[in-house]
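These protein sequence lines map, in sequence, to chains G and D. Taking this note's numbering as reference, the numbering of the first sequence is continuous, increasing by one, and the terminal residue is 368. Taking this note's numbering as reference, the numbering of the second sequence is continuous, increasing by one, and the terminal residue is 1007.
Be aware that one or more of the hints could be misleading.
To be verified - Derived lysine-lysine pairs resembling DSSO-like cross-links, with alpha carbons at most 27 Å apart: (1) D:Lys-688 - D:Lys-779; (2) D:Lys-535 - D:Lys-459; (3) G:Lys-49 - D:Lys-565; (4) G:Lys-364 - G:Lys-15; (5) D:Lys-486 - G:Lys-49; (6) D:Lys-572 - D:Lys-735; (7) G:Lys-363 - G:Lys-49; (8) D:Lys-486 - D:Lys-565; (9) G:Lys-157 - G:Lys-3; (10) G:Lys-157 - D:Lys-565; (11) D:Lys-482 - G:Lys-49; (12) D:Lys-459 - D:Lys-572; (13) D:Lys-767 - D:Lys-801; (14) D:Lys-572 - D:Lys-535; (15) G:Lys-209 - D:Lys-565; (16) D:Lys-459 - D:Lys-486; (17) D:Lys-799 - D:Lys-688; (18) D:Lys-459 - G:Lys-49; (19) G:Lys-49 - D:Lys-622; (20) G:Lys-3 - G:Lys-15; (21) D:Lys-779 - D:Lys-767.
As the list claims (entries may be wrong) - Not everything, but these chain G residues come out facing chain D in the computed CB check (under 7 Å): (22) Ala-281; (23) Arg-304; (24) Phe-319; (25) Cys-326.
It should be emphasised that the hints constitute simulated quantities derived from the structure, not laboratory data. Keep in mind the model is a prediction, meaning the values are calculated, not measured. By construction, the Cβ of each residue, glycine as well, lies at the ideal position given by its N, Cα and C atoms.
Single-letter residue listing:
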Amino acid sequence: MIKHLLSRWIQHITKHLDQTLFGMLLLLMLIGLIVLYSASGQSAGLMAKQGLNLLIAFSCMCLFANISPQRLEIAALPLYVLGLLLLVGVTLVGETSHGARRWLNLGVATIQPSEIMKLAMPLMLAWYFAKREDAIRWSDYLLAAVLLILPVGLIAKQPDLGTALLIGASGFYVLFFVGLSWRFMLGIGLTIAAAIPFVWPMLHDYQRKRVLILLDPSQDPLGAGYHTIQAMIAMGSGGLAGKGWLNGTQSRLDFLPERHTDFIFAVFGEEFGLLGVVLLALLFLLIIGRGMIIAANAQNLFGRLLASSITLTFFTYAFVNMGMVCGILPVVGVPLPLISYGGTSLVTLMIGFGILMSIQTHKKLVSS
Amino acid sequence: MFALNNSQQEQRQYRIRLIIASVLILLAFGTLLTRLTFLQVLRYDHYQTLAENNRISLVPVVPNRGLILDRNGVVLAENFFVYTLEITPSKAGNVNQTIDELAKLISITSNDRKLFNKFRQESRNFESVPIRVRLNEMEAARFAVNNYRFPGVEIRSRLFRNYPFGKQGSHLTGYISRINEADLSKLEDNDELSNYKGSDHIGKGGLEQHYERELHGITGFQQVEVDADGHAVRVLANTPPVPGNNLILSIDNKLQEIAEQAFGERRGALVAINPANGEVLAFVSMPTFDPNLFVDGIDQDTWKMLNLSRDKPLINRPLKGAYPPGSTFKPFVALAGLENNKRVPPFSISDPGYFSLGGSHRYRDWKPEGHGHVDMRRAIAVSCDTFFYGLAQDLGIDKLTAFVSHFGFGKITGIDIDGERSGLLPTPAWKQKRYKQDWYAGETVITGIGQGYTLVTPMQLAYATAMLANNGVGVKPHLVSSIRDSVTGVIRPLPLETLDRIPVSAANLELVRLGMTDVTQPGGTAASIGAGAPYSIAAKTGTAQVIGIAQGQKYNASAIDEYHRDHAWFIAYAPADTPKIALAVIVENGGHGGSAAGPIARQVMDYYLLGKTPVKTFPEAEESSGVTVPDIPVETPHD
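Based on the provided sequences and hints, a complete structural model is requested.
Structural data, given as structure tokens:
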């Protein structure tokens, strides 16, 4: 009897999981744990914590996979408004740490409203364009741009450049897939290029430094360029086959900073070499491909826009992190998804995958 | 404009975009792999060489922690080097087996193992973790001979903290202990983490915590050439650490000793202040604990014993103990009555032994037959309850609390130790919020004698007493009077800060002070305390109830569990005309203020003003159970 109930219950939960995606995510996380064990200096405490993080993230994914896209549509506007209000709250009364104001103390818990925005932004824009589906005009793009720039600006001001970039990208992807004209995109590109001389003086010192160091890391080998140089040495000395698990000298001898968080990819590259990196990149590509297929097969505009935005945001995470570790992108605080140690962004990412699964598995039978 | 109305056309457009996106993604990954091939294949030799030569490591050099000295230069906290035996788990192979082998050479207790495992969990695998601290020369030598048998095990010399006076003044100094995760995240939040690279310990509690920034110093760095195993071969560059600064306290360590000894086995607190400048002269919390226990990492059993003890030795009573003030509240209520013109001398009452509220409810005086004819001065001297019941009733609760709050009640004094409690000055608004109940008139009446909801800390009461002694001017109490810079040797006095200044009339203040001086004169409630003193003492006794005694019942100390007996209060300043010391004493469950807490105060004042050390037998003569002391009028509890 109990056994029967339990199997019914499991069946009920797994009904909305996409098995292909689920399997690949599980594999990626397993690789993450293996690298983390090495990167953390074989710390059992850290492994236990990350295990708990993964458990929470998986539960959140299952939860969201079981929420139908129709319900998500209803939640889009309220969630966006809430996220925006909390972001304004952070600007006014947020808690400062490391010179950045990102947290809001609600008495019971401290939250990071930008995480809410990571989900609310694609939801909001996808919902908006789906609602206007039959008559999308240029004024809709203008409104969408305002909806996009407002939170991104607030987050960039905190300052949290990495998160601002990710949220900006997730919103832009919706615009791209809804059919933003090429000429318009070219115009924006040129405007940004023209704005650089004006924005440059407004950046924070450390942000400017990061861009300059990207152009020439050897400028400041013991200071801001240290991260990049040491990461490149780690990657490069890994060679084709790597130095072997737990044998990375760069990480073991304490040369590589932030090696269990943002720079964990360098540990991976050092210990598993180019072969390992190619296999990891392939796994990322497969996950992205599965996301694209789900997007392409979605039943309505909302589902298509949301699924493709989530998938491309995941790609952005991975690409920006790997790019910064191997020195082709500036050092912005973006973790390697599902591999870096940490709970907050992990949960948000897995909720995203939950939503993808929900879009895939909540199809209605309609004649087209 | 791409305004598309046709759903099929729109879907086709979407597909095209999806394909474009896929191509871009593949291009991005292609770029990445090209870059990685460049790094890992083409430039492999280059980076391989760099990694091989990557041998310049920054090694932190921990600064010496600042000392804590009393006002006469007596060292209360110092540093010393000890040999520790440490294991680096990643190099040691089978750690448990290594420890078993080590145990054959030098003694390693099960407790040492427990601590080792705890520390190991908190640190990374390539960091060394102590298995034994405080090795003696013999043990160090015995290990040195066998060192070759133990890869990954080494003897290190580390700086430890020592508190030479042990239990004495431990709540004052606090202690240091190993940095835990909570400390780490706090350091990270304050951007101080880099200064703690290499530091094992951080201040916890007391001055060690409050002045952590002064005491810790600035970590130095050595650029060291390391071999492939990470061992230092050669020092290339050196930035020496800057030692922490020394704290010079206002505390007189001898006075502290006398005060603590005067408590004997009893629980309680004492704070003595120089009223003119807020210098804290003695800061006692009894019972105490030995801060040295925490430095190496305290073992579970001792920790449990300290933490669960009914006597609560870890509680910093002067700051965290909130008690009803009892009759020590009366001088402040008296001043409130005078300043609000509710009692204008020569106002007096005839005390029948009770106060009647609205004709129905009677509030008893501690003296059943009453005090007879009582004016303000005598009301303080004999601690007449009836007088203060009526005064509080006429004044009203709002005016009463508004005035006495000037003395610092209901808010922290801001002394330089963290975690102070603010006590409580009740008002009808507070009661409505807290209990959702109306304020009763009777609650105003008993507030007049310091009973009811009112709570004060010994620190607050000492501060308020110092204000009375200093003509209504309150200087922020502090334990550290100056800081000596470890590099320049310059002594920097910390600025004095005037917190409160009550615009009180000199005549009113004088009247209250005369009443308090009468307390220690024949006929006063603490006449025995003043007896034989070559200086005059202004004082007030008090009793704080622990459990309620029903009206009509008699308080019988011997019939009540010791922990339910009343707390004994005593506040005083001396010499009464030119005050040099003000203090507040509480003896928990001591019974009567005059007999239990008064003698402690007298010993402290005798030493501070006369340099007289007490005769050993004095405190033992009056145990906490001493209910009756013949020939001396002693206040008995109310209600």
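Hints and how they fare:
no.: 1; hint: D:Lys-688 - D:Lys-779; result: holds (12 Å)
no.: 2; hint: D:Lys-535 - D:Lys-459; result: violated (40 Å)
no.: 3; hint: G:Lys-49 - D:Lys-565; result: holds (23 Å)
no.: 4; hint: G:Lys-364 - G:Lys-15; result: holds (15 Å)
no.: 5; hint: D:Lys-486 - G:Lys-49; result: holds (16 Å)
no.: 6; hint: D:Lys-572 - D:Lys-735; result: violated (47 Å)
no.: 7; hint: G:Lys-363 - G:Lys-49; result: violated (37 Å)
no.: 8; hint: D:Lys-486 - D:Lys-565; result: holds (20 Å)
no.: 9; hint: G:Lys-157 - G:Lys-3; result: violated (54 Å)
no.: 10; hint: G:Lys-157 - D:Lys-565; result: violated (31 Å)
no.: 11; hint: D:Lys-482 - G:Lys-49; result: holds (22 Å)
no.: 12; hint: D:Lys-459 - D:Lys-572; result: violated (32 Å)
no.: 13; hint: D:Lys-767 - D:Lys-801; result: holds (19 Å)
no.: 14; hint: D:Lys-572 - D:Lys-535; result: holds (16 Å)
no.: 15; hint: G:Lys-209 - D:Lys-565; result: holds (25 Å)
no.: 16; hint: D:Lys-459 - D:Lys-486; result: holds (19 Å)
no.: 17; hint: D:Lys-799 - D:Lys-688; result: holds (22 Å)
no.: 18; hint: D:Lys-459 - G:Lys-49; result: holds (25 Å)
no.: 19; hint: G:Lys-49 - D:Lys-622; result: violated (50 Å)
no.: 20; hint: G:Lys-3 - G:Lys-15; result: holds (18 Å)
no.: 21; hint: D:Lys-779 - D:Lys-767; result: holds (17 Å)
no.: 22; hint: Ala-281; result: holds (6 Å)
no.: 23; hint: Arg-304; result: holds (6 Å)
no.: 24; hint: Phe-319; result: holds (5 Å)
no.: 25; hint: Cys-326; result: holds (5 Å)
Violated hints, listed in ascending order, are 2, 6, 7, 9, 10, 12 and 19; each of the other numbered hints is respected by the structure.
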